[in-house]
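Colleague: Here is what each chain is made of, one letter per residue.
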Amino acid sequence: MRPSAVRLLNILVPVKRAVDYSVKIRVNPQQTGVDLNVKHSMNPFDEIGVEEAVRLRERHKDQVKSIKAVTIGPPKAIEILRSALAMGADSSIHVEIPENSPALEPLAVAKTLREIIKRQKEGVDVVILGKQAIDDDLGVTGQMLAGLLGWSQATFASKVEIDHAKKEALVTREIDGGGEEVRCRLPVIITTDLR
Amino acid sequence: MLRRSIFPTRALSRSYATTTHPHALVFLEHRQGVLDSGSLSALTAAEQLGGKVTGLVVGAPEHVQGVVEKARKLKGLTSILHSASSQYAEPLPETVSPLLEKLLSGSTPFTHIVSSTSSFAKSLLPRVAAKLDVPSVSDVTSVAHDASSNSTTFTRPIYAGNAIATVRAPSSIPLKFFTVRGTAFTAAQAQDSSQAEASSIEPVEVSDSPTEHIKSTFTKSDRPDLGVAGRVVSGGRALKNAETFASTLYPLADALGAAVGASRAAVDAGYADNSLQVGQTGKVVAPELYMAVGISGAIQHLAGMKDSKLIVAINKDPDAPIFQVADIGLQADLFEAVPELVEKLKA
Chain A
0 MRPSAVRLLN
10 ILVPVKRAVD
20 YSVKIRVNPQ
30 QTGVDLNVKH
40 SMNPFDEIGV
50 EEAVRLRERH
60 KDQVKSIKAV
70 TIGPPKAIEI
80 LRSALAMGAD
90 SSIHVEIPEN
100 SPALEPLAVA
110 KTLREIIKRQ
120 KEGVDVVILG
130 KQAIDDDLGV
140 TGQMLAGLLG
150 WSQATFASKV
160 EIDHAKKEAL
170 VTREIDGGGE
180 EVRCRLPVII
190 TTDLR
Chain B
0 MLRRSIFPTR
10 ALSRSYATTT
20 HPHALVFLEH
30 RQGVLDSGSL
40 SALTAAEQLG
50 GKVTGLVVGA
60 PEHVQGVVEK
70 ARKLKGLTSI
80 LHSASSQYAE
90 PLPETVSPLL
100 EKLLSGSTPF
110 THIVSSTSSF
120 AKSLLPRVAA
130 KLDVPSVSDV
140 TSVAHDASSN
150 STTFTRPIYA
160 GNAIATVRAP
170 SSIPLKFFTV
180 RGTAFTAAQA
190 QDSSQAEASS
200 IEPVEVSDSP
210 TEHIKSTFTK
220 SDRPDLGVAG
230 RVVSGGRALK
240 NAETFASTLY
250 PLADALGAAV
260 GASRAAVDAG
270 YADNSLQVGQ
280 TGKVVAPELY
290 MAVGISGAIQ
300 HLAGMKDSKL
310 IVAINKDPDA
320 PIFQVADIGL
330 QADLFEAVPE
340 LVEKLKA
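First to last, the protein sequences are chains A and B.
No gaps in the numbering here: position 125 of the first sequence is 124 in numbering that gives the first Met the number 0, and each next residue is one more.
No gaps in the numbering here: position 130 of the second sequence is 129 in numbering that gives the first Met the number 0, and each next residue is one more.
In case anyone wonders, no lab produced these hints; they're calculated from the structure.
Using N, Cα and C, we set each Cβ at its ideal position, and we do this for glycine too.
Please note that the accuracy of each hint is not assured.
As the list claims (entries may be wrong) - To give an idea of the interface, some chain A residues facing chain B are shown, with a C-beta separation under 7 Å as derived from the structure:
1. Ile24
2. Arg182
3. Cys183
Stated by the list, open to error - Label pairs and their calculated CB-CB ranges:
4. Pro28/A x Ser206/B: 54 to 64 Å
5. Asp162/A x Glu100/B: 22 to 32 Å
6. Ser206/B x Lys120/A: 27 to 37 Å
7. Asp162/A x Asp224/B: 33 to 43 Å
8. Gln330/B x Lys158/A: 37 to 47 Å
9. Arg54/A x Ala245/B: 28 to 38 Å
10. Gln29/A x Ala254/B: 49 to 59 Å
11. Gly105/B x Glu95/A: 35 to 45 Å
12. Asp191/B x Val37/A: 51 to 61 Å
13. Pro28/A x Pro169/B: 21 to 31 Å
14. His93/A x Gln47/B: 40 to 50 Å
Claimed, not checked - Part of the chain B face toward chain A, derived, beta carbon under 7 Å:
15. Ser117
16. Ser122
17. Lys130
18. Tyr158
19. Pro209
20. His212
21. Thr216
22. Phe217
23. Ser274
Let's have the full structure, built from the sequences with the hints guiding it.
Modeller: Listed below in C-alpha cells is the structure:
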C-alpha cells in the first residue's frame, strides 16, 4: 500500500453521535422509531477509542503524526468532533448527512470510511473504533471495514501496544472466558472494549 | 416495537424461481471436542427459517472428526461441511473468512448464514458479509422467513434492550447474515442416530495472514461458565474491592453451584474480571436463578439479565431500580445477609 520506509503513524478515530447512555428512551407512538429529541453524546466506546489514540501518542510521542477524528452524521454531530478535538485529536472530518436522515447502516458507514481512508494522502495506519454503538448495539462496523479493506482486525481490544519499527500492533482482546493476544501487521482496525 | 427496513446496497445478479426455499449455513463452534451451546441455539434459529440447514465445522485436523461425529446426531441438521487445517486450530477471522467467501460466492446454494454471538463469530461474520457486499443483523431474538417473498424478518434488542426493533431483509439481499442471541433459542438436541451427511471441503490456506494468534488465556474456574450456567450470583460496586468481592460472593456461588457475574461498575473498579461482566456491553444471560447482590440495577445491567427466570436482589437501598425487576427482593446490608444466607444454605 505505502512505501516500506518507516514512517510516522496516522491514527483515524471514527466516532458516532448517539443518544446519551443515561437517557430513558421512548419509542414514538407510530412505532417507527425512538424519540430522538433527547440528549446526545459521543458513543462511550468511541470515547474510549479517542482516549486510546491519545494515550498511544503519549507513549510514542513523535512517532504518532496525526490523530484524526471522523463522524458521519447530521449537522449537530459536529459537537462530538469538538469533544474529540478537546480530548486530544488534531483534526476532524465531518461527513454531513441531512438532519432527520434515517439511521445509517454499518455497511454504508464502513464503505464511507473506506473512501475516506483511501483519500488520506498520508495513509492511515491504525483505525480505532468502538466495539458497538449503544443505540443500535450492532457491533459490526469495524469488522466490515476490515473486510472491505482486507486489513488485519483486532476486535474487543483491552490493551494495545504498537511496535513502530516492526509496523505491528500487539493487541490483547476480550474473548468469551478470558483473553487473547494477537499480533497484527499494520495497517490495522481495532475495536475497543473496556479498559 | 420499532420497524425498520434494511435496504440493499447493491443487488447481486441472481435469478430466482417464484419461491425460494432457504438453505442456511450454520457456523458450529467447538472447544476441546465439545460443541458450543451458543452454536446449538443458532442451529435452532436456522431451522426456524423452514428450509435445509447445513452445519459448518472448521478446526485442527485432530479435532474436526470427533466434533463432526457429534454434530451429525443433531436434530435439525440436513448436512455438514467440515474443513480441517492447522491454520484453523487457533482460528482468526482473517484465516477463516476466505473459506466462507469461497462457499458463498458464485452460484452458492446458501441463502442464510447463521452463528451465535460468540466473540469469534461476531468478529468473523461481519467481515465476510462486507466482503460479499451484504449487511449483517446482530443478536436476533426471533426469526421468520417468508418463502414466497424470499424475505426474512428479525427482532432484535436495541438501546440496551429498552426497545425491540423489527427489521426485514428483503429478497434483494441474496445472502442474509445473522447472529443469534443464545438465550432466545433453545439449544438443538442430539438424537441417538446420526442423520446428517458429512462431507469434507478443502481448507483455503492463507499464505500471508496479517494477523497472528499468539496466545489465549482462559480464566480458570471450577465454577460453571457464566454464559450457560443455570444459576448466577452477581455483584456490584457495593462489594468494596476485589478481595471482598471474592470472599463475599464466592461462598454463595459455591453453595448454589452458581457462576459468578459482575456489573460493569464492579468490573470498571477492578473487583472482577471483564469476562464476568453482565450487561448491554457484556454477557447476556437468562439463567433459572439470577441473584443481584449490591447491584443498583442500571438499565445497561438489566439489559443483560432481565430475561432470567427468577431474579433475586439484595440491596441496602429500597429505591434501587433492581427491585423493579426482581421477583424476590431483600432490603438488607449484603455483608450481613449474604453470610447468613450461605450458612442457611449449607445447613
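Colleague: Against this structure, judge whether each hint is valid.
Modeller: Do the hints match the structure? See the list:
For the restraint placing Ile24/A at the interface with chain B, the shortest Cβ-Cβ distance is roughly 5 Å, inside the 7 Å limit, so the hint holds. Residue-level restraint check for Arg182/A holds (minimum Cβ-Cβ distance to chain B is 4 Å; threshold 7 Å). For Cys183/A, the interface hint holds, since its Cβ comes within 7 Å of a Cβ in chain B; the closest pair sits about 5 Å apart. Checked against the given bound of 54 to 64 Å, the beta carbons of Pro28/A and Ser206/B, roughly 57 Å apart, stay inside it.
Judged by the Cβ atoms, the range 22 to 32 Å given for Asp162/A and Glu100/B holds: they are separated by roughly 30 Å. Distance hint check: the CB atoms of Ser206/B and Lys120/A are about 31 Å apart, consistent with the given range 27 to 37 Å. The hinted window of 33 to 43 Å between Asp162/A and Asp224/B holds, with their beta carbons roughly 34 Å apart. Look at Gln330/B against Lys158/A: about 40 Å separates their beta carbons, and that is inside 37 to 47 Å.
The given range of 28 to 38 Å is respected by Arg54/A and Ala245/B, whose C-beta atoms sit roughly 30 Å from each other. Taking 49 to 59 Å as the suggested C-beta distance range, the pair Gln29/A and Ala254/B conforms, at roughly 50 Å. Range check, Gly105/B to Glu95/A: about 39 Å between beta-carbon atoms, so the 35 to 45 Å window is met. Asp191/B and Val37/A have their C-beta atoms about 55 Å apart, which keeps the hinted 51 to 61 Å range intact.
In this structure the supplied range 21 to 31 Å holds for Pro28/A paired with Pro169/B, their Cβ-Cβ distance being about 26 Å. Between His93/A and Gln47/B the beta carbon distance is about 42 Å. The supplied range of 40 to 50 Å therefore holds. At its closest, the beta carbon of Ser117/B sits 6 Å from a beta carbon of chain A; the interface hint therefore holds under the 7 Å criterion. For Ser122/B, the suggested interface contact is upheld, since its CB lies about 5 Å from the closest CB of chain A, less than 7 Å.
Here the hint on Lys130/B is kept, as its CB sits about 5 Å from the closest CB of chain A, short of 7 Å. Interface hint at Tyr158/B: satisfied, since its Cβ lies 5 Å from the closest Cβ of chain A, which is below the 7 Å cut-off. Residue-level restraint check for Pro209/B holds (minimum Cβ-Cβ distance to chain A is 4 Å; threshold 7 Å). Annotation: interface hint on His212/B holds; nearest CB of chain A at approximately 6 Å, less than 7 Å.
Against a cut-off of 7 Å between C-beta atoms, the interface hint on Thr216/B holds, since the closest Cβ of chain A lies about 5 Å away. Using the Cβ-Cβ criterion of 7 Å, the hint placing Phe217/B at the interface with chain A is satisfied: the shortest such distance is roughly 4 Å. Because the closest C-beta pair between Ser274/B and chain A is about 6 Å apart, less than 7 Å, the hint holds.
Checked against the numbered hints given earlier, this structure breaks none of them.
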